[in-house]
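With chain A fixed as given, assemble chains B and C onto it according to the hints.
Residue numbers (my numbering), protein chains in the order written: chain A, -11 to 141; chain B, 70 to 384; chain C, 34 to 137.
Check each hint, because a few of them may be wrong.
[Said to hold, decoys possible] Straight-line alpha carbon distances no greater than 27 Å define the calculated DSS-like cross-link-like pairs of lysine-lysine that follow:
1. B/141 / B/168
2. C/49 / A/137
3. B/98 / A/12
4. A/23 / B/103
5. A/13 / B/98
6. C/49 / A/23
7. A/108 / C/49
8. C/49 / A/34
9. C/45 / A/108
10. A/13 / B/103
11. A/34 / C/45
12. B/103 / A/12
[Unchecked claim] Simulated DEER-style distance windows between Cβ atoms:
13. A/13 / B/312: 48 to 56 Å
14. B/261 / A/-6: 13 to 21 Å
15. A/42 / C/104: 28 to 36 Å
16. C/46 / A/-1: 55 to 63 Å
17. C/46 / A/97: 26 to 34 Å
18. A/22 / B/97: 18 to 26 Å
19. B/111 / C/40: 42 to 50 Å
20. A/44 / C/84: 43 to 51 Å
21. C/84 / B/245: 28 to 36 Å
22. B/142 / A/-1: 40 to 48 Å
23. C/48 / A/-1: 47 to 55 Å
24. A/-8 / B/128: 25 to 33 Å
25. A/12 / B/114: 29 to 37 Å
These are computed hints drawn from the structure, not numbers from a lab. Just so it is clear, CB atoms sit at the ideal spot from N, CA and C, and this is done for glycine as well.
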Amino acid sequence: MYLELIIFLTLLAFGYGFGRYAEKKHYRSIIAREKELNNIPAIATKHAPVSGQQHDSNLVMGSVVISIDYFKRFAASLRTLIGGRVTSYETLLDRARREAILRMKEDALSQGGDIIFNIKFETSSIFKGKKNTVGSVEVLAYGTALILKQGAH
Amino acid sequence: MALPSFLSKELIKLEYSNPEIPEGINTSKEHPLKEFLLLVAGVLSSIAILILLLVLLSDFIVGYIPFSWEKKLSAPFTSTEKSIKHTDNTTLINNYLQKMAARITVAQNLPEDMTIKIHYLDRPSVNAFATLGGNVFFFRGLLEKLPNENALAMVMAHEIAHIKFRHPIQSLGRGVLAGLALSIVSSSAGDAIMENFISEAGILTILKFNRDMERDSDKAALGSLVSIYGHIKGADDLFLVLQQENKNSEPYEFFSTHPLTENRISNIRNQSRQSAASETTSITPLPNDFKRWLQSEKSEPDSGSDETDPAEINI
Amino acid sequence: MMITNIEIVPGKQITKHLGLVQGSSVRAKHVGRDIMASLKNIFGGELKGYTELLQESREEAVSRMVSQAEAIGANAVLNVRFSTSSIAAGAAELFAYGTAVVLD
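For reference, chain A alone in the conformation it holds in the complex (with noise of 0.2 Å):
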């Protein structure tokens, strides 16, 4: 009995401390990387005004899955219990929706696109594990993007 409450409140403490910590370092780091690739404009629209013939189109993508932590798992089936708005899973999907459109433009980048038009997201929560005592999301983005043809300019 006190060792499985010892093991739960270490779990919680610890899960709390890693957990922060690792969410403040990711959005510093989503933060630093949208100001580096604010030169690619990311639109949901679906025509782009241009003609084909100076630009090539490719797909780009990116995707991640993040795992919430013990702490915040707990606190969100509390929350299920009570109801309400879910806070635990705000600033995880937050996270990994800006995570994957970064991906999305690093892709797009690293094919020398300008633009990314027609953005779509999937969302999927993976749950594995006994009674799904492991949560994670997947957020894929991907769009289209306008690639400008060599010695057009």
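This is chains B and C only, laid out in the frame that chain A set:
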């Protein structure tokens, strides 16, 4: 042919910009620890309230179950007649215990139909328990350790008080109702950690009611000791025996079905100091042959399991 | 703030594209609703509690998307899409995203 100017790279850049979006729109600003503490407090108190309501409901329903039903129901499960070798000594012990039970029954003013049946079990555990239908079980291990008749009367009065207050069936009812509710709630929580958390929280709440039962029974038992012997001296000897037995292994009261043995002892001592009992009151010894009756029975090896079900309430 | 899921608004000119804006909301109903819903699963029919839950979440997701758009000076969000995913048992995420633009 020259391309229209709006297709040039520079113009695309001009028309398509990517302004920085401020942080914190898609996330909540509340500090996670604060929210966590509120959630834990909220969930724990709602579980406690749920259990409290179910206990009240169960006690209300149990109040309508006549004792005779309880007796009929429990009859097939509590018959020890066949499993016990009837030697002279077991008969002597049984007679002695039954006689003692009769005195306590009178002292506690048990209703007419509430009959007590004492069973003696030849096993080494230091324990005794009361269960459905007015059945009280004594283990050899406990009887061997008791130093005097007052301590024995204390155990028996305590168990009989459980039966008087109908604790075995209350405890069964609470177990069934609360267990059902907890399993429904925890199964829809859908998370292994949460399931454990909910059932532990529920169990800890039920334990609080168990301890109250024990306190009530201790109180009633002391009352009957006063009416039989005129004092409560020797009652604490029972708990000294238990303390000796559970040395170092007693959990905190919060995690236990019973109040701390230490507290039960000091409770008895306080009461004995308050009462006018003088130093001259003496402790009644056990019958001379009592130890001999128990000694000769030690042939059978221990085969009992330590599993208890909610309707069995030990000391 | 104009929110549509068409690309070109008739009679209006897009003067500026301001990129992607998004809003999300994860919500859960209390356990009583979950228990009722699992009972309802036996008989079928609409789960009013969950309809309500998703509706609330969707509204919040849209309002968060709109506040992102407002923050960067847009006056319309075009080509809005919704996606719903169940994140954990009893909790669902509503996600809305679109292109923030300045319309003339």
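Hints, verified against the model:
A hinted pair counts as satisfied when its Cα atoms are at most 27 Å apart, and residue 141 of chain B with residue 168 of chain B qualifies at roughly 23 Å. Annotation: proposed proximity of residue 49 of chain C to residue 137 of chain A holds, straight-line Cα distance about 24 Å (limit 27 Å). Between residue 98 of chain B and residue 12 of chain A, the direct Cα distance comes to roughly 14 Å. Compliance with the 27 Å bound is thereby established for this hinted pair. Distance check on the hinted pair: residue 23 of chain A and residue 103 of chain B sit about 32 Å apart at the alpha-carbon level, beyond 27 Å; violated.
At roughly 18 Å between alpha-carbon atoms, residue 13 of chain A and residue 98 of chain B fall within 27 Å of each other, so this suggested pair holds. A C-alpha spacing of about 20 Å is found between residue 49 of chain C and residue 23 of chain A, which places the hinted pair at or below 27 Å, so the restraint holds. Taking the CA atoms of residue 108 of chain A and residue 49 of chain C, the gap is about 21 Å. The hint holds against a cut of 27 Å. Taking the CA atoms of residue 49 of chain C and residue 34 of chain A, the gap is about 15 Å. The hint holds against a cut of 27 Å.
Under the criterion of a C-alpha separation no larger than 27 Å, the hint pairing residue 45 of chain C with residue 108 of chain A is consistent with the structure, at around 25 Å. For the given pair, residue 13 of chain A sits about 22 Å from residue 103 of chain B by alpha-carbon distance, which is consistent with the 27 Å threshold. The hinted pair formed by residue 34 of chain A and residue 45 of chain C meets the criterion: a straight-line CA distance of about 17 Å does not exceed 27 Å. As the CA atoms of residue 103 of chain B and residue 12 of chain A are separated by approximately 18 Å, the hinted pair is consistent with the 27 Å bound.
At about 54 Å, the beta-carbon gap between residue 13 of chain A and residue 312 of chain B stays in the expected band of 48 to 56 Å. Distance hint for residue 261 of chain B and residue -6 of chain A: a CB-CB separation of about 18 Å, consistent with the stated range 13 to 21 Å. With their beta carbons about 33 Å apart, residue 42 of chain A and residue 104 of chain C fall inside the hinted range of 28 to 36 Å. Evaluation of the 55 to 63 Å hint for residue 46 of chain C and residue -1 of chain A yields a pass: the beta carbon distance comes to about 57 Å.
In this structure the hint that residue 46 of chain C and residue 97 of chain A lie 26 to 34 Å apart at CB holds, the actual value being about 30 Å. Remark: the range hint 18 to 26 Å for residue 22 of chain A to residue 97 of chain B is upheld by a beta-carbon distance near 21 Å. The supplied range of 42 to 50 Å is met by residue 111 of chain B and residue 40 of chain C, whose beta-carbon atoms lie about 46 Å from each other. Judged by the Cβ atoms, the range 43 to 51 Å given for residue 44 of chain A and residue 84 of chain C holds: they are separated by roughly 45 Å.
In this structure, residue 84 of chain C and residue 245 of chain B meet the distance hint of 28 to 36 Å, their C-beta atoms being roughly 35 Å apart. At about 44 Å, the beta-carbon gap between residue 142 of chain B and residue -1 of chain A stays in the expected band of 40 to 48 Å. The beta-carbon spacing between residue 48 of chain C and residue -1 of chain A, approximately 54 Å, falls within the hinted interval of 47 to 55 Å. At roughly 30 Å, the beta-carbon separation of residue -8 of chain A and residue 128 of chain B lies within the given 25 to 33 Å, and the hint holds.
The hinted window of 29 to 37 Å between residue 12 of chain A and residue 114 of chain B holds, with their beta carbons roughly 32 Å apart.
In this structure, the one hint that does not hold is number 4.
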